[in-house]
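Read top to bottom, the protein sequences are chains A and B. Each residue of the first sequence is one higher than the one before, starting from 405 at the first, in this note's numbering. Each residue of the second sequence is one higher than the one before, starting from 405 at the first, in this note's numbering.
Worth double-checking, as some hints may not be accurate.
If several chains are the same, the list does not tell them apart, and a pair holds so long as it fits within one copy or across any two.
No more than 30 Å apart at the CA atoms, straight line, and that leaves these computed lysine-lysine pairs for DSBU-like [to be verified]: (1) K711 <-> K497; (2) K548 <-> K676; (3) K597 <-> K548; (4) K629 <-> K597; (5) K597 <-> K676; (6) K676 <-> K436; (7) K497 <-> K597; (8) K711 <-> K629; (9) K597 <-> K711.
Hints listed in this document are in silico derivations from the structure and should not be mistaken for laboratory results. All values reported here derive from a predicted model rather than from experimental measurement.
2 protein chains.
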Amino acid sequence: MVEAIRSLRVRGAPAIGVAAAFQLAHVARGFKPGTDRRTIERTWSRAVRDLNASRPTAVNLFAATARMDRVFQEHRAQPFTGLVHRLEREARKFFEEDLEMSRRIGRAGAGLIRNGSVWLTHCNAGGLATAGLGTALAVFYEAKRRGRTFSVFADETRPLLQGARLTAWELSASGIPVTVICDNMAGFAMARKRVAGVITGADRIAMNGDAANKIGTFGLAILAKHHGIPFYIAAPATTFDPELADGRGIPIEERGTAELRSFNGRRTVPEKAGTWNPAFDVTPAGLITGFITDRGLIRPPFGRTLKRALFPDN
Amino acid sequence: MVEAIRSLRVRGAPAIGVAAAFQLAHVARGFKPGTDRRTIERTWSRAVRDLNASRPTAVNLFAATARMDRVFQEHRAQPFTGLVHRLEREARKFFEEDLEMSRRIGRAGAGLIRNGSVWLTHCNAGGLATAGLGTALAVFYEAKRRGRTFSVFADETRPLLQGARLTAWELSASGIPVTVICDNMAGFAMARKRVAGVITGADRIAMNGDAANKIGTFGLAILAKHHGIPFYIAAPATTFDPELADGRGIPIEERGTAELRSFNGRRTVPEKAGTWNPAFDVTPAGLITGFITDRGLIRPPFGRTLKRALFPDN
Chain A
405 MVEAIRSLRV RGAPAIGVAA AFQLAHVARG FKPGTDRRTI ERTWSRAVRD LNASRPTAVN
465 LFAATARMDR VFQEHRAQPF TGLVHRLERE ARKFFEEDLE MSRRIGRAGA GLIRNGSVWL
525 THCNAGGLAT AGLGTALAVF YEAKRRGRTF SVFADETRPL LQGARLTAWE LSASGIPVTV
585 ICDNMAGFAM ARKRVAGVIT GADRIAMNGD AANKIGTFGL AILAKHHGIP FYIAAPATTF
645 DPELADGRGI PIEERGTAEL RSFNGRRTVP EKAGTWNPAF DVTPAGLITG FITDRGLIRP
705 PFGRTLKRAL FPDN
Chain B
405 MVEAIRSLRV RGAPAIGVAA AFQLAHVARG FKPGTDRRTI ERTWSRAVRD LNASRPTAVN
465 LFAATARMDR VFQEHRAQPF TGLVHRLERE ARKFFEEDLE MSRRIGRAGA GLIRNGSVWL
525 THCNAGGLAT AGLGTALAVF YEAKRRGRTF SVFADETRPL LQGARLTAWE LSASGIPVTV
585 ICDNMAGFAM ARKRVAGVIT GADRIAMNGD AANKIGTFGL AILAKHHGIP FYIAAPATTF
645 DPELADGRGI PIEERGTAEL RSFNGRRTVP EKAGTWNPAF DVTPAGLITG FITDRGLIRP
705 PFGRTLKRAL FPDN
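With the rest of the complex left out, here is chain A (with noise of 0.2 Å):
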């Protein structure tokens, strides 16, 4: 698992979490009646330790574990098919809240989806990136559960290729029409395709509304602006930080130059010229039409609307 995790076999940050619970009840169930106390603290832990190394950024990650670990700490005395039990109950119940999160964000923005319209989506913010349904995919498989029909188109998502590689796929198997374009060709697509909106995820949103999500979102709602289309953004109340007044305290991460440099072991740029390679963008509060949360659709003025919605005892 940690090798999946760290190979980006497993990616998406619910999924991330999700996966890792599974794996310490896994790691739980793997004791034997027999085996001392010792012997399984210790393994325990270098489990718990083994995941948290394996992706360092990635917070739903910490908090899954953290949430296993406190279970086992609190039952470790307890005969030993209770503390196993313990265990698979708080990852299955992990699971189950991540499930519920994509399904109530569904069920926040599946009524923006008329019959016969048109969406276009970026990345994979769907079911391969948390426990079943997704962020933005959620709002597309509730509308087509509701009978909407409707179709997608999907950015490719340079470099890593999400939208080709996986949203492609995600909503083709799920019957939902969906068209792989490049990602330089969503302005033209608005203009003479007649997309109704943009959904997308996101990675990390500020107080004031401002998002961080995949690179090419900020690019993406400007062009929705321009062309007078809505441009929503699909994300649970954790990928709200409290803490964060607005998008200048989002760090971008500048991965490496080898994923533009070559593809499939193919070079692609000549050895002398430069890359520049940021992860994510931060797209200004001002060009958001809505956040379709788990708690419902926010609409401007994010503020204290947002902190309302999303934080009601703070």
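Using the hints provided, position chain B relative to the given structure of chain A.
The following block gives chain B in isolation, referenced to the frame of chain A:
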């Protein structure tokens, strides 16, 4: 040569025209002084026909073969060496005209490039698309010749990566610092890297200023407007179509699905998903700051200004 044009090893409308002219001169040089007239004429006609069939839509190709054929027909009765000499001279003249066109475009635009500025370009409008210096890139070459220091972001330009492969090679070989980005990073580059402006080429320009160019150009023009930076198109007078009132009359070539579905033999889009692959888009005149042409820099309002600058005799 026919094979080279067909397989896009020679690409870019002006470059195709020049290559065809030289190829016909080369065919004539191959005639032996003793060859009978009928064989010569048959060989010549076949060469013209084969070249014309290599790329069905390249206007410069037909212009080049027609010009060479006119010289052949006028001088076919002359002594053999005279005919060959005339054809070689015509091809060289065609080549020189193309070079001079690029030089004039470079001079018209070089003043825009300030020291320390950062520019952005799309696809390849460089020497690899013409006889020597290109259109958009001719501006950078002339600025460099004048001692300006500046750098250029090159969109990789999916699906065929002309920016990553060709523009990055040309600029870095000329000592101009170039940074390749994915197409979806252009907006973020404008926001974070202080891009001074955008210069692209064009494939066909209507008399109101609407311009067809490589897919993605339209989106770049919108992004430039959003950031308040200028968006220029560099093109010779021959790219403007005096018969075309506006961009609605420009047919958009939609290419096959293979360019998107796989890369270097590796499938990137699942079979059940569709693709859309327009090769060009149309940028409305209202988004264009100016045209950098071999007749000077032309600013809005276009309409009558364009006609007067480009077709003064009409």
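Each hint tested on the structure:
1. K711 <-> K497: within (26 Å within a copy, 71 Å between copies)
2. K548 <-> K676: between (49 Å within a copy, 17 Å between copies)
3. K597 <-> K548: within (21 Å within a copy, 41 Å between copies)
4. K629 <-> K597: Classified as both; 16 Å inside a copy, 22 Å across copies.
5. K597 <-> K676: Cα proximity of K597 and K676: across copies only (20 Å, versus 39 Å in one copy).
6. K676 <-> K436: So K676 and K436 fail the 30 Å test inside a copy (58 Å) and across (46 Å) alike.
7. K497 <-> K597: neither (42 Å within a copy, 45 Å between copies)
8. K711 <-> K629: Intra 25 Å, inter 33 Å, cutoff 30 Å: intra-copy only.
9. K597 <-> K711: For K597 and K711, the Cα distance exceeds 30 Å both inside one copy (37 Å) and across copies (32 Å).
When the structure is compared with the earlier hints, violations turn up for hints 6, 7, 9 and for no others.
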